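Peer 1: Here is what each chain is made of, one letter per residue.
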Amino acid sequence: MTGGMPIGDDDLHGYVDKRLDSERMAAVEAYIATHPDAAAQILRYQEQRQALRSALQHKYDEPVPVRLRIAGIQAEHRRRWRRSLGRVAASGLWLLIGAAGGWIANEELATGRSAQVTAASASPVNEIAQEALAAHRVFAAEVRHPVEVDVTQEKHLVEWLSKRLARPLRVPDLSAQGYQLMGGRLLPASAGPAAQLMYDDGTGRRLTVYLTAEDGGETSFLYVHDRDLGGFYWRDAGFGYAVLGQADRRDLLATAEAIYRQTGDALPVSGR
Amino acid sequence: MSEMAALIEPHIPALRRYAYALIRDDTSADDLVQDCLERAVSRWHLRRGGDVRAWLFTILHNLFVSQRRQTLRRGSHRTLEDVEHETGIPGAQEHAVIHRDMLRALAALPEEQQSVLLLIGVEDLSYAEAAGIVGVPVGTIMSRLSRARNRLRRLLDGDLMNEERPTTLRRIK
Numbered sequence: 001m002t003g004g005m006p007i008g009d010d011d012l013h014g015y016v017d018k019r020l021d022s023e024r025m026a027a028v029e030a031y032i033a034t035h036p037d038a039a040a041q042i043l044r045y046q047e048q049r050q051a052l053r054s055a056l057q058h059k060y061d062e063p064v065p066v067r068l069r070i071a072g073i074q075a076e077h078r079r080r081w082r083r084s085l086g087r088v089a090a091s092g093l094w095l096l097i098g099a100a101g102g103w104i105a106n107e108e109l110a111t112g113r114s115a116q117v118t119a120a121s122a123s124p125v126n127e128i129a130q131e132a133l134a135a136h137r138v139f140a141a142e143v144r145h146p147v148e149v150d151v152t153q154e155k156h157l158v159e160w161l162s163k164r165l166a167r168p169l170r171v172p173d174l175s176a177q178g179y180q181l182m183g184g185r186l187l188p189a190s191a192g193p194a195a196q197l198m199y200d201d202g203t204g205r206r207l208t209v210y211l212t213a214e215d216g217g218e219t220s221f222l223y224v225h226d227r228d229l230g231g232f233y234w235r236d237a238g239f240g241y242a243v244l245g246q247a248d249r250r251d252l253l254a255t256a257e258a259i260y261r262q263t264g265d266a267l268p269v270s271g272r
Numbered sequence: 001m002s003e004m005a006a007l008i009e010p011h012i013p014a015l016r017r018y019a020y021a022l023i024r025d026d027t028s029a030d031d032l033v034q035d036c037l038e039r040a041v042s043r044w045h046l047r048r049g050g051d052v053r054a055w056l057f058t059i060l061h062n063l064f065v066s067q068r069r070q071t072l073r074r075g076s077h078r079t080l081e082d083v084e085h086e087t088g089i090p091g092a093q094e095h096a097v098i099h100r101d102m103l104r105a106l107a108a109l110p111e112e113q114q115s116v117l118l119l120i121g122v123e124d125l126s127y128a129e130a131a132g133i134v135g136v137p138v139g140t141i142m143s144r145l146s147r148a149r150n151r152l153r154r155l156l157d158g159d160l161m162n163e164e165r166p167t168t169l170r171r172i173k
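First to last, the protein sequences are chains A and B. Residue numbering for the first sequence follows my numbering, starting at 1 and increasing by one per position. Residue numbering for the second sequence follows my numbering, starting at 1 and increasing by one per position.
Bound conformation, chain A alone:
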């Protein structure tokens, strides 16, 4: 041994994949010169690596089908974008009508609220977490229809969910955490309606924020995880919250804190 770490299995793989620096490379070479078992192992890995590459080479060499040409995909993307812009313009009128209706309905809700609130109040917090997990599993996997109302209609989304949860809901801005809002949907929960907001990090990794109307006292952040999915849930300022994603605990906590900071004080809906 030449003073460095003893040669391990990871060095053999590093050697096969040519991922070692020259010093470590030399150390492995010296090692296998006197350890025929390790030399044989490396040879087997190398053969296997090459065999797998040859087995798939034909796929790499195939001509790329027309439908996978970027120019075509770009054109389709632009076309869809223009169409949705048209739809947004058309829905502007309906938004105006809806907003007027919402204004009136809000007055009604303010008086009818106390009854609804008792029905929704203080479900056990871990129930929020369980329902949020289930909702994440179902909808985060959706490729085509991840949300019911998408981000192009964010104002409508906020008004609609606020109305259904009977309190002003704010959509957290998580761009500092690398997540962009995709949109949201309304869901049934055991204690009443719940809202799910979905975010995406640009690579397809999704994060959901789940909200229910809750009037129990504040709780601290509680950690929940289920296989690859983790998150935090808590109760604060009239809402039960859960934030879930496939990220590590530290990142999820930072995201939960960002949401807490943005939603803590019950300011009226900004509507942007």
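These are computed hints drawn from the structure, not numbers from a lab.
In silico EDC-like pairs for lysine to aspartate or glutamate, Cα to Cα no more than 20 angstroms straight-line:
#1 A/K59 to B/D26
#2 A/K59 to B/D31
#3 A/K163 to A/D215
#4 A/K155 to A/D173
#5 A/K18 to B/D124
#6 A/K18 to A/E47
#7 A/K59 to B/D35
#8 A/K59 to B/D30
#9 A/K163 to A/D236
#10 A/K59 to B/E9
#11 A/K59 to B/D25
#12 A/K18 to A/E29
#13 A/K163 to A/D150
#14 A/K59 to B/D124
#15 A/K163 to A/E148
Fair warning: this is a prediction, and the values are worked out from it, not measured in the lab.
Keeping the supplied structure of chain A fixed, place chain B upon it in accordance with the hints.
Peer 2: Chain B in isolation, oriented as in the chain A frame:
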């Protein structure tokens, strides 16, 4: 605009190869690559610098994982088993047999091991890049790689292709 195409297109053959190796069906694999490219085009402005290839593989991998979660119980090994029962293969097709056996053995590995083996051994991504794509620490990548290679060897030695193993593949630097 066409800068985006120039940066993405060189990686399409590799994306197709990876998707095919995981799904083993030409059409479904290209469907997945198409979803990946559509997403890449629409999220291009959200890309935060870095290597385009690793970014594309991350999108593809995430799409594969979420799609697989949806169709978990259906099982899609049929395409290879369909061609399995050919007999009397002439010498010229010996290569095809070896390749087929290799892909069948690959298919018998747990999916997470397949991904690591392909990203590192075939797509030549670094251990750190593979860790970023799969979303696990580098140490986990290393142990999956080791388990994958040993298990694949046992599968190939055991019942699939004892005497037909390629023997001329020495490429030590």
